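The lines below spell out each chain.
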Amino acid sequence: MNGFPLLTLLTALPLVGASIALVTGKHARAVALVTTFASLALALVVWMQLPANGSIGLVEQHAWAPSLGIEYHLGVDALGALMLVLAAIVTLMSVDAANRVHHQPGLYFALVLMLEAGLFGSFTALNFFHWFLFWELCLIPAFFLILLWGGTRRGPAATQFFIYTMSGSLVLLVAFLAIFLSTGSMDFPHLTLLASTGELEEIVTAHLGHVMPWLAIGVLAGFAVKVPMFPFHTWLPAAYAEAPSPVTMLLTGAMSKMGVYGLLRIALPLFGHQIAQIRTPLLVLAVATVVMGAWAAAAQKDLKRVFAYLSVNHLGYCLLGIFALAVPAPGAGIDPALQASQYAALSGVILQMFNHGITAAALFWFVAMMQQRTGGHRGIDQFGGLRKPAPVLAGLMGIALFSSLGMPGLNNFPGELFIFRGVFPLAWVAATVSILGLLVTSVVILTVIQKVFTGPLPEHCVGFPDLHHGERMALAPVIGLMLLVGLLPQLILGSVNPTVINLLAHWSF
Amino acid sequence: MLSLLHPNSVSLLAYTIYLSFAGALLLALVPGRTPTLARWLALVFSVAGLALAVQGFIAGMGQGLVTLVDVPWVPSMGIHFLLAADGISRVLVLLTGLAAVAGVLFSWNIDLRTNEFFAFYLVLIGAVYGVFLSFDLFLLFVFYEIAIVPKYFLIAIWGSTRREYGAMKLVIYSFAGSALVLIGLLAAYTTAGSHSTGLIELAHAGLPASFQMWCFPLVFTGFAILAGMWPFHTWAPTGHVAAPTAASMLLAGVVMKLGAYGCLRVGIALFPHGLDPWGFSFIGIGSWRDVFAVLAIIGIVYGALAALAQTDFKFVIGYSSVSHMGFVLLGLVTLNQIGVTGAVLQMFSHGIIAGLLFAIVGRIVYDRTHTRQLAELETMHLSRRLPFAAWAFVVAGIASIGMPGFSGFVAELQVLIGAWKVNHWWVAAAGIGIVVGVAYIWRALQKAFFSDLLPSAHVLEQEQGHHFAAITWPEVTGVVMLAGVSLFVGLYPKILLDTIEPAVKTLLAGGAQ
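Those sequence lines, one after another, are chains R and W. Heads up, the first sequence is in my numbering, so the first residue is 1 and it goes up one at a time. Heads up, the second sequence is in my numbering, so the first residue is 1 and it goes up one at a time.
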């Protein structure tokens, strides 16, 4: 069972890097670059080592505090491993983008690496306590990164972010205490097994009365804040806008996935039945997230806020897929058509998590570059005609924008296609409204392209330098990845498929 | 002589797509300082595409559906990279090849970021080839979407009158159509059992008639938006006018055909029962077929009347496209052999003629006079000062009004015969459009070129001192090529009809194959 502790090594690596970065001061970025490169390499090794049958592999299990049901229990399936790769890529991009940290660079990069470790830990943990530790570990560096390096209104933004997510965590903790008190276990695979037979509900009801639906709602709320889902999204625009852009890349690229991941790893397996009962209101909220995100993005003047709301919109598609597939079980017999739709929706959700991470991080990276070049400008109306002085930046950012729009041939399209293909038979009204929501998204993105890249060049953009060689080299793999996944989604789907089957087999609605 | 070409070489048609995208990539990489190189590269790639299209057309004569490429793409959804060509595809690929070459010739004077212009241009061409050759529903949709992006940039960057408005309007209309199509496609795929996205498999999947009844109008409308169907046509005139010449040639010439092609290949072929009678009728309208026929006829008449009222020369041609595309849509919903064949021929014919008209108005005339206002052109005596443009417009105008001897005549005649078989009133109403069509062409011709306002001595003196730039070789070549093709097809329509007819027959007889 306990082979080479690859996952422990992966999680420890950024922590080691963080302590080195802390003491190296000026050279911290170099340390961070090396560490994130190595982490990415290790994450890819993990991705290669996945078991072919889609089950959880690379398991490490050790006693920690047995009386409390706490174990050191790690393992990944394709879902976890894909998130590890994503977190590693996004952190690398973020470190790459943060080339102008003058104020306490040692601390900055140490916090970024801590955040990476938190991400790795939470995507591999299989015990609630262990998972919760890392979930919180992410929160602290993110809070300080916003508070210490953020924009002018960083204080309120950081506080709001902290309070929202902390409240979410608190609800999660309470829910799991209830489960632990009833079952004596905090182990995800064990609890999933109990839930799939319906035993979990019986045990909890026997111990605590009829609280399962409330626990489900609590857990959902905890994750909904993180994703975020309408109406829990209000912390997000301020936090994304006030955080320094490289940190925003981390927040949207990787941390928002913790919420979706939690829904898939914890909420659906344990509370599938309860979620299926309130599926319709949840679908309404998911559609509201999609539509509201798009409309709100259309109303923004600040590029970072536009992209922040677009993130809400894109993660709304994930929520849509997740809630649509929680179809109340009709009892005996399995309908293959229903299964195929659930399967497509889940594959789409997982693809979308990865793709949104890459694309959103890239978009905020471009914003960071534009801010650097114009002394901090990021209002849509403050730019114009950038195609002339910076054709390469315009071209590459154009590709990223079209990826975000869901253009076929780029990465977001296959994920959204799969989600729609899956959701359509399961909840056609929700799918139809969301597809029409795509129209708003495209208007938003085309408006950005039009205002930023065409028209007259404003004065402060005269002499706007194009991407220099290093930036081109750094961006090329990211853009290449967008094209690669867009043209050959099978590269990811091939490995994700067995896990999708495996996950669905263990969920009962 | 023609049979020397090996029949299997039809499969080379797939290279039209690859070649265009490769050309676009190459053009994006060449340095921007060398416009001449960019022009020649674009010409080489578009001529090569045309050569492949001609070769595939000739080699495919007498053959039915030929599969070009078939590899699994997204196996879990049954999506294949499936390219194939039947007679309809081969004719439209030929049209695309011709329009592509003509577009390059008439863009020879683009000096602003020439390489980028042609890169976007070739992406558009490649995507259009892709739509015409896709026999997998999702692949078709992918190419259809890819075609939207370069249109936006071509208009927004190189366009003229209110280009940003025109570009955005066109793209929003296109995306709205795509959204309708996507909903319909997902519904069809799911209803058919979610096994395959192949057009032929879906056509044979036996979709329930009640399902087809609501899915057909959705998909047909989605595609027809791009075909300029009234009342969703309003993007077309503004888009055409805002676009640079080559882009308006392509918009009217091939992009509007994408919409009509989608209506036929997806709408009618997959959901034939969607056109069945409802079982009741309201003011003479008893099925979706009647609804779309009426919209098509309104488009024919309205487009013609609007063209008659324009003061901007390019808007005249823009509205004429709406009118002529009405014939295509009317032909499609006749659902009989001759009407649908006529519709496909009309797609080809209008693609050529509209390209020619836009080239004359947007390139040959506008780039020299710098005005498109008919009132101003009236004072310029262009028949004497630009005789080539005047006579080219005479030829194009004659072709456009459907004079026998040109391709438009055969096509519209077939559409009308097909329509006559269904409903006499349709023909009577569409006939009004033809009459008005003569009027607006005559009016434009008279105002722009053969004005009878006599020049004063003063004006004559001014004109003596100011000559327009000489007509260049790319312009002559382009005009001769397009007019020649229209004339050739008009005199010898059999060359296309022999390829179109069997394909239409199989399509109407039950599904895509």
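It is possible that some hints are incorrect.
To be verified - The following residues of chain R were derived to be distant from chain W, with all beta-carbon distances above 10 Å:
1. 44
2. 103
3. 153
4. 163
5. 193
6. 375
7. 395
8. 455
9. 493
10. 506
As the list claims (entries may be wrong) - Listed next, with one range per pair, are the computed distances between beta-carbon atoms:
11. 30(W) x 374(R): 28 to 34 Å
12. 473(R) x 210(W): 56 to 62 Å
13. 32(W) x 476(R): 18 to 24 Å
14. 9(W) x 488(R): 25 to 31 Å
15. 488(R) x 273(W): 43 to 49 Å
16. 472(W) x 476(R): 35 to 41 Å
17. 370(W) x 458(R): 24 to 30 Å
18. 472(R) x 273(W): 44 to 50 Å
19. 207(R) x 273(W): 54 to 60 Å
20. 494(W) x 336(R): 46 to 52 Å
21. 165(W) x 463(R): 57 to 63 Å
22. 71(W) x 284(R): 56 to 62 Å
These aren't lab readings, by the way, just hints derived from the structure by calculation. Bear in mind that the values here come from a model prediction, so they are computed numbers and not experimental data. Cβ coordinates follow ideal geometry from the N, Cα and C atoms, glycine included.
Against the structure, the hints:
1. For residue 44(R), the shortest C-beta to C-beta distance to chain W comes to about 23 Å, beyond the 10 Å cut-off, and the non-interface label holds.
2. The beta carbon of residue 103(R) sits about 40 Å from the closest Cβ of chain W, which is more than 10 Å, so the claim that it is off the interface holds.
3. Chain W leaves residue 153(R) outside its interface by the beta-carbon criterion, the shortest separation being 33 Å against a cut-off of 10 Å.
4. Every CB of chain W lies more than 10 Å from the CB of residue 163(R), the least distance being 39 Å, so the non-interface label holds.
5. The claim that residue 193(R) lies off the interface holds: its Cβ sits roughly 27 Å from the closest Cβ of chain W, which is beyond the 10 Å cut-off.
6. The Cβ of residue 375(R) lies farther than 10 Å from every Cβ of chain W, with a closest approach of about 27 Å, so its non-interface assignment holds.
7. Not every C-beta of chain W lies more than 10 Å from that of residue 395(R), the closest at about 8 Å, which undercuts listing it as non-interface.
8. Its closest Cβ contact with chain W, about 8 Å, brings residue 455(R) to no more than 10 Å, contrary to its assignment away from the interface.
9. Consistency note on residue 493(R): stated as away from chain W, yet its beta-carbon is not over 10 Å from all of that chain's, at 6 Å minimum.
10. Non-interface call for residue 506(R) relative to chain W: holds, since the shortest CB-CB distance, roughly 19 Å, exceeds 10 Å.
11. A C-beta distance of roughly 30 Å is found between residue 30(W) and residue 374(R), which places it inside the suggested range of 28 to 34 Å.
12. Roughly 57 Å separates the CB atoms of residue 473(R) and residue 210(W), a value that falls within the hinted 56 to 62 Å.
13. Take residue 32(W) and residue 476(R): their Cβ atoms lie about 20 Å apart, and the range 18 to 24 Å holds.
14. Evaluation of the 25 to 31 Å hint for residue 9(W) and residue 488(R) yields a pass: the beta carbon distance comes to about 29 Å.
15. At about 37 Å, the CB distance of residue 488(R) to residue 273(W) disagrees with the hint of 43 to 49 Å.
16. Against the hinted window of 35 to 41 Å, the Cβ-Cβ separation of residue 472(W) and residue 476(R) comes to about 40 Å, which satisfies the hint.
17. A C-beta distance of roughly 29 Å is found between residue 370(W) and residue 458(R), which places it inside the suggested range of 24 to 30 Å.
18. A beta carbon spacing of about 54 Å between residue 472(R) and residue 273(W) contradicts the range 44 to 50 Å that was offered as a hint.
19. For the pair residue 207(R) and residue 273(W), the beta carbons lie near 58 Å from each other, so the given range of 54 to 60 Å is met.
20. Range check, residue 494(W) to residue 336(R): Cβ separation about 51 Å, and the 46 to 52 Å hint holds.
21. About 30 Å separates the C-beta atoms of residue 165(W) and residue 463(R), a value inconsistent with the hinted range of 57 to 63 Å.
22. Taking 56 to 62 Å as the suggested C-beta distance range, the pair residue 71(W) and residue 284(R) does not conform, at roughly 41 Å.
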